[in-house]
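Novice: Take the given structure of chain A and dock chain B to it, following the hints.
Protein chains in written order, with this note's numbering: chain A, 1 to 777; chain B, 1 to 159.
Hints in this document: simulated from the structure, not taken from any laboratory. A hint or two may mislead.
The list that follows gives simulated cross-link-like pairs (lysine-lysine, DSS-like), each with its CA atoms no further than 30 Å apart [stated by the list, open to error]:
| id | chain 1 | residue 1 | chain 2 | residue 2 |
| --- | --- | --- | --- | --- |
| 1 | B | Lys29 | A | Lys217 |
| 2 | A | Lys267 | B | Lys54 |
| 3 | A | Lys363 | A | Lys761 |
| 4 | A | Lys658 | A | Lys629 |
| 5 | B | Lys118 | A | Lys658 |
| 6 | A | Lys658 | B | Lys116 |
| 7 | B | Lys118 | A | Lys226 |
| 8 | B | Lys29 | B | Lys54 |
| 9 | A | Lys220 | B | Lys69 |
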Amino acid sequence: MSATTNHDVANIVEVDASRRRFLKLSAAAGGGLLLSMTVACVTGDPTDGGGAKSAEAAANAPLHDINIFVAIASDGTIRIMAKNPEVGQGIKTMLPMLIAEEMDADWSDVEIETASVDPRYTAQQAAGSYSTPSNWVALRQMGGATRWMLMQAAAKKWSVAAAELSTGPSLVRHAATGREATYGELAALAADVPAPDSATIEALKLKDPANYRIIGKDVKQWDSPKIVRGEPIFGIDVVVPGLQYAFFAKCPVFGGKLKSVDLAAAKALPGVSDAFVVRQATPDIFGLLDGVALVGPDWWPLKEASGKLNIEWEEGSGANYSTAEFDQKADAFRASGKPQSMLTAGAGEAWDDVNNAIDSASKTIEASYSYPFLPHVPMEPMNTTAHVKDDGTIEIWSPTQGFGPALAYITAVTGVPTEKIKCHMIRAGGGFGRRGAPDYMMEAVAISKQAGNIPVKLLWSREDDVQHDLYRCGGYHNFRAGIDSNGKLAALSNHFVTFGFSDKSKVWAATPGANDKTLVWADMLPGEFPATFIPATAYGQSVIQANIPTGALRAPRANGHCFAYQSFLDEVAEASGKDPLDLRMELLTGPLAKEPPSGKPAFSPKRMADCLRLVADRSGWSNRKVLPKGTGMGIAFYYCQRGYFAHVAKVKVEQSGKVTVQKVWAVGDVGSQIINPTGALNQCQGSIVDGVGQLFQKITFDKGRTQQSNFYDMPLIRITDACQIDVHFNITDNPPTGLGEPALPPVLPAVCGAIFQATGKRVRRLPIVPADLRWTM
Amino acid sequence: MALTLNVNGKTHSVDVAGEMPLLWVLRDKIDLKGTKFGCGVAACGACTVHIDDKVARACVTPVSSVVGKRVTTIEGIGATPLGQNVQKAWLDVDVLQCGYCQAGQIMATTALLQSKPKPTDEDIDAAMQGNACRCATYVRIRAAIKRAAGLPITDTREA
Numbered sequence: 001m002s003a004t005t006n007h008d009v010a011n012i013v014e015v016d017a018s019r020r021r022f023l024k025l026s027a028a029a030g031g032g033l034l035l036s037m038t039v040a041c042v043t044g045d046p047t048d049g050g051g052a053k054s055a056e057a058a059a060n061a062p063l064h065d066i067n068i069f070v071a072i073a074s075d076g077t078i079r080i081m082a083k084n085p086e087v088g089q090g091i092k093t094m095l096p097m098l099i100a101e102e103m104d105a106d107w108s109d110v111e112i113e114t115a116s117v118d119p120r121y122t123a124q125q126a127a128g129s130y131s132t133p134s135n136w137v138a139l140r141q142m143g144g145a146t147r148w149m150l151m152q153a154a155a156k157k158w159s160v161a162a163a164e165l166s167t168g169p170s171l172v173r174h175a176a177t178g179r180e181a182t183y184g185e186l187a188a189l190a191a192d193v194p195a196p197d198s199a200t201i202e203a204l205k206l207k208d209p210a211n212y213r214i215i216g217k218d219v220k221q222w223d224s225p226k227i228v229r230g231e232p233i234f235g236i237d238v239v240v241p242g243l244q245y246a247f248f249a250k251c252p253v254f255g256g257k258l259k260s261v262d263l264a265a266a267k268a269l270p271g272v273s274d275a276f277v278v279r280q281a282t283p284d285i286f287g288l289l290d291g292v293a294l295v296g297p298d299w300w301p302l303k304e305a306s307g308k309l310n311i312e313w314e315e316g317s318g319a320n321y322s323t324a325e326f327d328q329k330a331d332a333f334r335a336s337g338k339p340q341s342m343l344t345a346g347a348g349e350a351w352d353d354v355n356n357a358i359d360s361a362s363k364t365i366e367a368s369y370s371y372p373f374l375p376h377v378p379m380e381p382m383n384t385t386a387h388v389k390d391d392g393t394i395e396i397w398s399p400t401q402g403f404g405p406a407l408a409y410i411t412a413v414t415g416v417p418t419e420k421i422k423c424h425m426i427r428a429g430g431g432f433g434r435r436g437a438p439d440y441m442m443e444a445v446a447i448s449k450q451a452g453n454i455p456v457k458l459l460w461s462r463e464d465d466v467q468h469d470l471y472r473c474g475g476y477h478n479f480r481a482g483i484d485s486n487g488k489l490a491a492l493s494n495h496f497v498t499f500g501f502s503d504k505s506k507v508w509a510a511t512p513g514a515n516d517k518t519l520v521w522a523d524m525l526p527g528e529f530p531a532t533f534i535p536a537t538a539y540g541q542s543v544i545q546a547n548i549p550t551g552a553l554r555a556p557r558a559n560g561h562c563f564a565y566q567s568f569l570d571e572v573a574e575a576s577g578k579d580p581l582d583l584r585m586e587l588l589t590g591p592l593a594k595e596p597p598s599g600k601p602a603f604s605p606k607r608m609a610d611c612l613r614l615v616a617d618r619s620g621w622s623n624r625k626v627l628p629k630g631t632g633m634g635i636a637f638y639y640c641q642r643g644y645f646a647h648v649a650k651v652k653v654e655q656s657g658k659v660t661v662q663k664v665w666a667v668g669d670v671g672s673q674i675i676n677p678t679g680a681l682n683q684c685q686g687s688i689v690d691g692v693g694q695l696f697q698k699i700t701f702d703k704g705r706t707q708q709s710n711f712y713d714m715p716l717i718r719i720t721d722a723c724q725i726d727v728h729f730n731i732t733d734n735p736p737t738g739l740g741e742p743a744l745p746p747v748l749p750a751v752c753g754a755i756f757q758a759t760g761k762r763v764r765r766l767p768i769v770p771a772d773l774r775w776t777m
Numbered sequence: 001m002a003l004t005l006n007v008n009g010k011t012h013s014v015d016v017a018g019e020m021p022l023l024w025v026l027r028d029k030i031d032l033k034g035t036k037f038g039c040g041v042a043a044c045g046a047c048t049v050h051i052d053d054k055v056a057r058a059c060v061t062p063v064s065s066v067v068g069k070r071v072t073t074i075e076g077i078g079a080t081p082l083g084q085n086v087q088k089a090w091l092d093v094d095v096l097q098c099g100y101c102q103a104g105q106i107m108a109t110t111a112l113l114q115s116k117p118k119p120t121d122e123d124i125d126a127a128m129q130g131n132a133c134r135c136a137t138y139v140r141i142r143a144a145i146k147r148a149a150g151l152p153i154t155d156t157r158e159a
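Same shape as in the complex, but just chain A (with noise of 0.2 Å):
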């Protein structure tokens, strides 16, 4: 991961361990990446245990197995899989598009369900925003093989050359006897086709998107129908014969290991049937920890049991974390002035050679930005439920982001090889990066095995989410620049404060996002913007050392850093006397200082400025100096994810420091087309309103703990300050990206550039302190 050197190779790293196999497969194959896929897919005997199983069709209408992505029944239903977990962000019915926009489908004729677990499927997770730039030209090819499976069958049916054959929505026609059939008539003759060969789906011709029927319309999300009915379609709503609730109390500091429980007392608590130590997995702090389960029919029960346990702790060396300490730390470095190491280490790049300029330039500024910890806190608590069984297998049912990792680790810790582990992916309430990690999935696995191989669901109360997330990591950016006699930004160094190992074997490698250097998603690029931009820049690191569990947190690394730079940056242009859009454009549209990294553009800066023109076009941000003392608008980019944002935030702040959103305008480019726009704008708005709700929100710890324990102290933003928002997509000649993600870093930067125009105040800390934010007429 440190050698990573541009933000393209990065979003590369974000997926995940199966995810690098499966590439470092299809190299080794020599097939093409996507191409390879769509064959195992095509190809793969769809009865063999996965794919869009007949014997779960409707009684009416048998469904007649295209390959593991289409059946079809006979009455023309088309049963579509949605191969990837649906954890909010709305794939369930987005991927399915891709494949019946393909095979010329009428959407009304389509259902869809959630996939099995398969291998063939490959890449079955939600993170990095990944899910469609990986599945943009796949699942189109796998629509495009499935219909033309469709027109050899007609083709044999009508004994004519499948080439004079045409399809409109769900049919087949052979314009030159005017015959038709519909996808259903042909449905068990294409299920006999043999599937068509790589070289066919290669030259497969995929649709004019002037033609498309069904991507770039508003498609509603699949569930919801299901949802506001209440239906039990959550993780935490299934239920299987025999089934036992779980409840794991855990040490409260991170790696503690339990010393004593009066199991016999435990016991003896009303709806505890069941009591045992679970023992720590692994060295690690990712996966399963020390901790007493405590097993029954009822969850309330064992929850209140939990407070009663009489539990002794031995807290180790992690009861020393302290927040105040982490702050006393932070500052220490700062002060001593030189990082531990430097991030950046090419020409210009020499932390003494750059700190020299920034001293000799016309005007030197500084100033310290820091962010703290945050929860991922998704609604629906951690739960998974499982069955190790007694022939030696075991069943897994769980609201995730991808069992990738977690089976990985189950297999490590119960020797159970994943051929053996049977996998449900069941719709989570909200992931956030939180449901990749194989922790709770890990707990339930040992759970059902102490327990007699029974089957049991895990549920972690808020509590235990609060206090055991895998926290998004807190970190601290000390700038200076220097501005030349021109007004010009010259040279920028940033000495980065952030979190580290001290005990490596507390890192469990195989987590996404793990390096050697720093806590999990705990790093910087060293390509973090503007280091291409001008000619001098120095990207330095130290590292306070703590054992920490973090993890990825919607936009990870971005959420943090964007706020330090972007906002460092609108520091830049008041000491330079230049508007902050204007000093943006400047940097975005000049020459590059010097190469990136790794040689190549880290990203397209004229999509980035094309994006920042608009969003000031949109908010009217050249009127903004009209706006009265106390409201205020901000501007920030970010790229991430392989998505560009700019936004337009605008703040009202009372004299008491009340700080009301507004609106922010939101101008995105992810690629020549937005495949379901009511899918887009809604995770666009939602990533906003998040944004701002992380500018209110922290962890802190004390004596080892973290102190927040539930939504009383750890708020999540509400209704009243939810903003209003303008999202507008600027529509490039690029593939499709993700939008799970970039919507949201430049918010944070935008609120706070606003509110430094209402009050003459920056922030530079988060969380926002409204008192702080006082001001006078």
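Specialist: Below, chain B alone, put in the same frame as chain A:
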């Protein structure tokens, strides 16, 4: 303790501790899983139900306290034209992302529209601020409430 409950117009007999929260009785004893567990301390609104047509948080409501009262859950909200109207507005506006909090949002909305058929933005803020949505679909929740009320969807707050 044997208790008789009236949920969605049906009578249910359950044998549970009287202090067990209504949430868990609904979910695991009556098998109505639409009401969701989010926080356990009445701080998120995911478990919102109606007790005698008034909004209540099922996660902190002892089941014994609802004996003799009418409990309505998301599974029963479509029994009234107003409830149906709210459900339809949710679909029309395509509100949800993960959807986990939406049962509670719909229950809170239905109670709001029962008392204030034409709510202002301030009414919406007051009635809905107890219902958290981690996906932050609030823009659409506001729009769906107005659509259900037959109001223009425009946000009238200062911007």
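Novice: Against the structure shown, which of the earlier numbered hints fail to hold, in ascending order?
Specialist: The structure breaks hints 1, 2, 9; every other hint is satisfied.
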